[in-house]
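Asks: From first to last, the protein sequence lines stand for chains Z and G.
With the first letter of the first sequence counted as 1, position 168 gets the number 168 in this note's numbering; the numbers rise by one all the way through.
With the first letter of the second sequence counted as 1, position 86 gets the number 86 in this note's numbering; the numbers rise by one all the way through.
In case anyone wonders, no lab produced these hints; they're calculated from the structure.
Keep in mind it's a predicted model, so treat the numbers as computed, not measured.
Each hint can be trusted.
Lysine to aspartate or glutamate pairs mimicking EDC-like chemistry, simulated, CA-CA at most 16 Å apart:
no., chain 1, residue 1, chain 2, residue 2
1, Z, K41, G, E192
2, Z, K170, Z, E196
3, Z, K48, G, E192
4, G, K185, Z, E39
5, G, K38, G, D19
6, G, K185, Z, E35
7, G, K74, Z, E73
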Amino acid sequence: MNHREIIELLPWYANETLSADERTMVESHLKECGECAQEVKNLTSMRKAVVEAGDQGPALPPFALNRALAQIEDYERAKGPAISSRQDQPPVAWGRYWRLKPIFVRALIAVQLVLMLAFGTVAVYQHNHPNVIYTTSGEPVNDKASTTIAVGFVPTASEQEIRQAILGIKGKIVDGPSALGLYTVQVPISREHTTEIEQVLETLRQNQRVIRFAAQK
Amino acid sequence: MPQGEAIGGKPVKNEIRADPESLWIQQIAGGDREAFEKLYKAYAARLFRYLFSMIGDSGTAEELTNDVMVAAWKAAATFRGEAKPSTWLFGIAHNKALNELRRKHPSTVEIEDATELAAPGEGPEGVIQRANLGQRVRTALQDLSPEHRAVVELTFYQGLSYLEVAEIMQCPLSTVKTRMFYAKKKLQEVLEKKGIAGEAP
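Work the whole structure out from these sequences, hints included.
Replies: Structure, rendered in C-alpha cells:
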C-alpha cells in the first residue's frame with residue numbers, strides 16, 4: 001500500500017474499524033510518515049468533536065415507540081385480515097400459514113368466522129321469530145329498537161374501565177363471553193340508524209385502552 | 001446496488017446471519033410486536049441521531065425514525081440476511097433523509113463567528129461553553145453537503161467501517177473514500193475557523 005492508499009484509510013483507522021491486516025499496514029506506515037501521523041491526530045480530534053456534538057444534541061422522545069406501534073397497527077388494520085400474504089413468501093401449509101399470522105389477525109379471522117356462523121343462525125331463527133331475539137340472560141330483546149354489538153375487551157382493562165366504556169354508549173352486556181372472549185352488548189339504537197351505530201362503534205374503537213374489538217352483530 | 005454485487009472489488013457474502021437482530025427481523029416478518037420493540041430499542045436512538053444530523057430538525061428526525069422502523073416492519077419478510085441489520089436500517093434511513101432533503105429546500109445555516117467561542121471553564125459556565133461547542137460542531141456539519149455529512153456521521157459518530165458506509169450509501173468504496181477526503185478537509189477548515197480543531201486527542 002502506498003502513501004495515498006494509506007491516507008485514505010486513516011478515518012477508519014481513527015474509528016478502529018479496519019481489519020487486522022489493514023491496521024498493521026497503517027501502523028507500520030505511521031512509524032515512517034510524519035504527515036500521516038499528524039493526520040491521525042487531526043482525525044482523532046475531529047472524531048471526538050463530532051461524537052461530543054452528537055451526544056449533546058436532542059434525543060429521541062421516550063414515547064416515540066408508542067407512536068411507531070400505533071403506525072404499525074394502522075398499517076395492519078388498513079391491510080385487513082384478508083390481506084395477509086407477504087411478498088416473496090412461498091406457499092405454505094394452512095397450519096404454518098395460520099401460525100405465521102399476527103395474533104390479532106388470527107383473532108379477526110376467527111371473529112369473522114364466528115360472526116358468519118352467528119348471522120347464519122340468526123337468519124334461520126328469524127325465519128320463525130322475525131322480531132325477537134332471546135339471549136342467554138333469558139331477557140327478550142326487541143330487535144327493531146336496539147342493535148347488538150360484539151365487543152372484545154383488552155385483558156388489562158379494569159372492571160371500572162369496562163363499565164365506563166359500556167355506560168358511555170348507553171349499552172348493556174346481554175351475552176358472553178364467547179369462546180373468543182367476545183361479549184354481546186345491546187345499545188338502544190335501531191338497526192336502521194346506521195350513522196348512529198357507526199358512531200358508537202367508532203367511540204368504542206377509539207378507546208383502545210379498554211376495547212380491542214367492536215363490530216355490529 | 002443489487003444485493004450480492006461487488007462493492008469496490010470485494011464481493012458481498014450471501015450468508016444468512018444468526019445474530020439477535022437478524023432473528024428479531026425474522027420474527028417481525030411473522031408479525032411479532034415484541035421483536036419489533038426490541039429492534040426499535042436497539043436502533044431507534046442511533047437512527048434518530050443520524051437523521052437529525054442529516055436533516056437538522058428534531059421533529060422531522062423523529063418522524064423519519066419511525067418511518068424507517070415502520071418500513072422495516074413492512075419489509076421484514078424481504079430481509080434475507082445478506083446485509084447486517086444495522087446496514088439495512090441505516091440504508092433505509094439514508095434514503096429517507098435524502099428524499100426529505102430533496103423535498104424541502106435546503107436550510108441555510110449561518111456559521112457563527114469563531115471569536116465568540118469562549119475557552120472551556122469550570123462549573124455551569126463550562127457546561128454552557130461545552131454545549132455551545134457541540135452546537136458549533138453541529139452547525140459546521142450542516143455546512144457540508146448531505147453526502148459529505150453522511151460519510152462523516154456514519155464514520156465518526158456511528159463508528160461504521162468503510163464497507164458498511166459504502167453499502168448504506170449504495171456507492172463504490174472509492175466514492176466513499178473520495179467523499180471522506182473532501183468532507184474532512186472542509187470540516188477541518190470550518191473547525192479551525194471556529195477554533196475547535198487542533199485539540200490533542
